[in-house]
Amino acid sequence: MALQIIDRRLAGKNKSVGNRERFVRRFKEQIADSVRRAVSQRGIREIEQAENITIPKKDIGEPVFHHGQGGIRDMVHPGNAEHVRGDRIERPKGGGGRGSQASDGGEGEDDFTFTLTKEEFMQLFFEDLALPHLLRTHIGENPLWKSRRAGYSQDGIPNNLAVLRTMRGALGRRIALGKSAHRELLVLQEELDALLAQDDGTSEAVAALQRRIDALQVRIGRIPYLDPIDLRFRARIQVPVPNSQAVMFCLMDVSGSMDEARKDLAKRFFILLYLFLTRHYEKIDIVFIRHHTQAAEVSEEQFFHSTESGGTVVSSALVLLDQVIRARYPTGDWNIYVAQASDGDNFTNDSGNCRNLLVDRILPLVRYFAYVQVAEEEQNLWEEYSQLLPQFSHFAMRKVSQPSEIYPVFRDLFKKEGVPL
Amino acid sequence: MSNMAQYPVLERRIHDNPWKAAAVGERRHHAVPEQPLPPGARPAEPLPDPSDWTFDLIDRYHAAIAATAARFGLDTYPNQLEIITAEQMMDAYSSVGMPVNYRHWSYGKEFRATERRYRRGQMGLAYEIVINSNPCISYLMEENTTAMQALVIAHAAYGHNSFFKGNYLFRMWTDASSIIDYLVYAKDYVAQCEERYGADEVERLLDSCHALANFGVDRYRRPSKKNLARERLERAQREAYAQQQINELWRTLPARPGKEDAAQEHNRFPQEPQENILYFIEKNAPLLEPWQREIVRIVRKIAQYFYPQRQTQVMNEGWATFWHYTLLNTLYDEGYLSDGVMIEWLGSHTNVVFQPPVGHRAYSGINPYALGFAMYRDIQRICQNPTAEDRHWFPDIAGTPWLPALDHAMRNFKDESFVDQYLSPHLMREMRLFALHDDASQGDLVVSEIHDENGYRNLRQMLSQQYDLGTREPNIQVWNVNLRGDRSLTLRHTQYQSRPLADDTQEVLRHVARLWGFGVQIEGVDAYGNHPVLLHVVPAPAA
Chain C
40 MALQIIDRRL
50 AGKNKSVGNR
60 ERFVRRFKEQ
70 IADSVRRAVS
80 QRGIREIEQA
90 ENITIPKKDI
100 GEPVFHHGQG
110 GIRDMVHPGN
120 AEHVRGDRIE
130 RPKGGGGRGS
140 QASDGGEGED
150 DFTFTLTKEE
160 FMQLFFEDLA
170 LPHLLRTHIG
180 ENPLWKSRRA
190 GYSQDGIPNN
200 LAVLRTMRGA
210 LGRRIALGKS
220 AHRELLVLQE
230 ELDALLAQDD
240 GTSEAVAALQ
250 RRIDALQVRI
260 GRIPYLDPID
270 LRFRARIQVP
280 VPNSQAVMFC
290 LMDVSGSMDE
300 ARKDLAKRFF
310 ILLYLFLTRH
320 YEKIDIVFIR
330 HHTQAAEVSE
340 EQFFHSTESG
350 GTVVSSALVL
360 LDQVIRARYP
370 TGDWNIYVAQ
380 ASDGDNFTND
390 SGNCRNLLVD
400 RILPLVRYFA
410 YVQVAEEEQN
420 LWEEYSQLLP
430 QFSHFAMRKV
440 SQPSEIYPVF
450 RDLFKKEGVP
460 L
Chain S
10 MSNMAQYPVL
20 ERRIHDNPWK
30 AAAVGERRHH
40 AVPEQPLPPG
50 ARPAEPLPDP
60 SDWTFDLIDR
70 YHAAIAATAA
80 RFGLDTYPNQ
90 LEIITAEQMM
100 DAYSSVGMPV
110 NYRHWSYGKE
120 FRATERRYRR
130 GQMGLAYEIV
140 INSNPCISYL
150 MEENTTAMQA
160 LVIAHAAYGH
170 NSFFKGNYLF
180 RMWTDASSII
190 DYLVYAKDYV
200 AQCEERYGAD
210 EVERLLDSCH
220 ALANFGVDRY
230 RRPSKKNLAR
240 ERLERAQREA
250 YAQQQINELW
260 RTLPARPGKE
270 DAAQEHNRFP
280 QEPQENILYF
290 IEKNAPLLEP
300 WQREIVRIVR
310 KIAQYFYPQR
320 QTQVMNEGWA
330 TFWHYTLLNT
340 LYDEGYLSDG
350 VMIEWLGSHT
360 NVVFQPPVGH
370 RAYSGINPYA
380 LGFAMYRDIQ
390 RICQNPTAED
400 RHWFPDIAGT
410 PWLPALDHAM
420 RNFKDESFVD
430 QYLSPHLMRE
440 MRLFALHDDA
450 SQGDLVVSEI
460 HDENGYRNLR
470 QMLSQQYDLG
480 TREPNIQVWN
490 VNLRGDRSLT
500 LRHTQYQSRP
510 LADDTQEVLR
520 HVARLWGFGV
530 QIEGVDAYGN
540 HPVLLHVVPA
550 PAA
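Heads up: the sequence lines are chains C and S, in that order.
One gets the working numbering by counting positions in the first sequence from 1 and adding 39 to each.
One gets the working numbering by counting positions in the second sequence from 1 and adding 9 to each.
So that you can see chain C by itself, here it is in the shape it has in the complex:
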């Protein structure tokens, strides 16, 4: 019988992706709802995980004509143990007309639950924010360099001398230069031996041969054992390497004027920054600093969910930020990013302080500083910060008032690629 064995394993991967997309599209609202809920409930670090989505059964059913319960049914079952004709059996609960078949009656009523993959979740998350191409954005390259082996070169310092390579080259050169002389020498030597066998070795021919042999031997002897052109050194070059660790500071105002909605805006912004950084760095630390009149370093949970009230002194957070950076995150080892969110409401005399702190202490240390104001009105903090814009290309500020504005603002903030830092 004719047989064909075909290995399809590499061919049709993800064949059903079109169907899955259609499914997601159809239930986009429910799924987007779940995603939104998930975003508000999850920590920033867990944002990338897959998500279980549940859709009510009534929304997802595909109705067909079929029999409902009731009427008369004659069912044949296997495994009769004790019954005889005419026995009456109590109707099993929940089974309706299905006789003993109702064993899994409850299961059918479940809502439809499935798992979104990480990629799909991210896609939806971005879609919610109208984020189509976030991951294409790049930030300027890192200035860290690392020395790496790069083959051999003809010059270098003595302790980089590659002896084996050098000697191999020298051997080759010696063979190449001396080969023809050697070959000639062999021929002459044979002739000489032949002549010597015929006479006593005093003839002119023997002497002439002897002279030519001597000359050749001198020539061979002049080939240097090691020549400067043989020398090979291990070459090392400097390559730029991305610094693999980054720290992200989230600064947020938690004074009474920051309500849940504003915090949510800020959180989304922080999430975006986190996701953005995960594309570039292997290891990311997140430091949460919240402040009202005083600043404190807190856990994520406290950062987003505890409520505080009181006035606002933004500089307190910046002072703490400066301390933390200098104490724990030396700039040589860490890429430092700061995202600050506030409603812009600051203690009047403090805003000047803030600007000075940034200029003198903080901006020289960080790779990027983004300030997001989650309120419309421009107060003195906004004005003071605005003065920084012309001087510092790695400082950026925007206003956001709707969740849908987060992404455009984010892209705006991070579009300055390749800025020399």
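Just so you know, not all the hints are guaranteed correct.
To be verified - Just a few of them, taken from the derived set where beta-carbon distance is under 10 Å, the chain C residues facing chain S:
#1 PHE104
#2 ASN199
#3 GLN256
#4 GLY260
Said to hold, decoys possible - In silico contact screen, one side only, chain C against chain S (beta carbon under 8 Å); selected entries:
#5 GLY57
#6 ASN58
#7 ARG61
#8 THR93
#9 PRO95
#10 ILE99
#11 GLY109
#12 PRO117
#13 ASN119
#14 ARG124
#15 ASP150
#16 THR152
#17 PHE153
#18 ARG258
#19 ILE262
To be verified - List time: in silico PhoX-like cross-link candidates among lysine-lysine, alpha-carbon distance up to 25 Å:
#20 S:LYS196 to C:LYS54
#21 C:LYS67 to C:LYS96
#22 C:LYS67 to C:LYS97
#23 S:LYS310 to C:LYS54
#24 S:LYS310 to C:LYS67
Hints are computed from structural coordinates only; laboratory data are not their basis.
Just so we're clear, the structure is a prediction, and the values are computed from it rather than from any experiment.
All C-beta atoms in this analysis are idealised placements derived from N, C-alpha and C, irrespective of residue type, glycine included.
The hints should help you fit chain S onto chain C, whose structure is shown.
Relative to chain C, chain S alone:
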């Protein structure tokens, strides 16, 4: 949009020209030997059985199985084995087992559900999927061990394959050589429509068609030899077609008052009730665009392709199970298989044919694998070692050569008639079958028959009924179209054993209304067609 003529169709309708069309499958009857042919030389040692398979091993196992199958006279399409991953298996699962299909969200939903259950370990994947095509495509999962691959080859590539090629329903209704081409065509066509008319529009249409897919099959009509009556009929149909150009149905000129009612009463449309609702819609729905009719047709054709499978579950699975059991045991006896391979496939085999008794936690009705396998084994037993009872019940096969008897049983029946013909008293006793009479109007269930002398015939008939699609699914037909009034469509549900329709009937009717374009109602009548009651009414969909 496309040239339809170049695409094959799956089944042939009266309108087609059967005398022109190539016969479905191979019509030549395959001769079955009376006894298995003698084996060849005994191999020096069994085939190697590392748990990891290789292509070479699959080839060798296949060769051994193929040679043995040939000795039993199994007639199959050429085989094509495809190695796939678990994910691809889930893909295939979720698109109704076909290698290509058009895109629809419900397949995505299926995939999600399958994937979730699989990842949670609630289900294993099937070891195999086999497609009724020529060549017959069997999927082998890469996770399977060598022994499992051998089992799958015997089960799918020889069991199912020979069933597809031999059973009369498949021969009559499906065209194995063109199904893949047709599905490719369907996929492309639907994709084109999505592009042209919008994905939402196509999705809604497909939803509606899917809701009616089970009512888009011809149950009784089939291609037949052309005779004089047929000749006449076809001419009448050609004329009817010309008539349709005038669109008599939907003429909007007002008839003269007074004549209307009389005409309406005399010309119910359709004149005979129509069982194939999708076909009726495809041909008669007034507002459908041509591309929409084509999509209705695609869904209908594919439903028709699967119709034989729905009617032969017990027979088909039983046959495949019987043959993997017989083939692998024969190979073992002849020294091809090692003990390890035997133990492994027998483990799977036992799980597959396990029939939990009623009341068991795992019980969910009769296991078609178990019933089918037991029945074929029983037929073999009746042929080889008949008892007096068997001679009385099955005089035509008792003591005859078993291969031809089995072949006949495979070719010429569907589940319903197969059970009715071959379920023996011996097997009924062995499975301890009994019947429960469940009348919703009574408080208790009654044991109506058990496996004893008085019960055999009734029991057998009841089990046969259980596999009759005509009673499993409600009997709903197109009854009438209000031609002169609001153009509404009336469906009629003929009750079987006073079973009502389920609650979501209204939802389905909405789908019908979307296809029909005008109001739709459904009425119920009792088993004798009397006492019509209006059940549900759905108004015309908003334009």
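Hint check:
1. PHE104: holds, 5 Å
2. ASN199: violated, 49 Å
3. GLN256: violated, 65 Å
4. GLY260: violated, 64 Å
5. GLY57: Holds: closest Cβ of chain S sits about 4 Å from GLY57 of chain C, inside 8 Å.
6. ASN58: holds, 4 Å
7. ARG61: holds, 4 Å
8. THR93: violated, 11 Å
9. PRO95: This hint is violated: PRO95 of chain C lies away from chain S, its Cβ roughly 13 Å from the closest one there, beyond 8 Å.
10. ILE99: This interface hint holds because 7 Å falls under the 8 Å limit.
11. GLY109: Nearest chain S Cβ about 4 Å off; hint holds.
12. PRO117: For PRO117 of chain C, the interface hint holds, since the closest Cβ of chain S sits about 5 Å away, which is under 8 Å.
13. ASN119: OK, holds: ASN119 of chain C within 8 Å of chain S, min 4 Å.
14. ARG124: Holds - the Cβ of ARG124 of chain C comes within 8 Å of chain S, reaching about 6 Å at its closest.
15. ASP150: violated, 12 Å
16. THR152: Result: holds, 7 Å to nearest chain S Cβ.
17. PHE153: holds, 4 Å
18. ARG258: violated, 64 Å
19. ILE262: violated, 58 Å
20. S:LYS196 to C:LYS54: holds, 13 Å
21. C:LYS67 to C:LYS96: holds, 15 Å
22. C:LYS67 to C:LYS97: Since the Cα atoms of LYS67 of chain C and LYS97 of chain C sit roughly 16 Å apart, the hinted pair holds (cutoff 25 Å).
23. S:LYS310 to C:LYS54: holds, 23 Å
24. S:LYS310 to C:LYS67: The hint is violated at about 31 Å.
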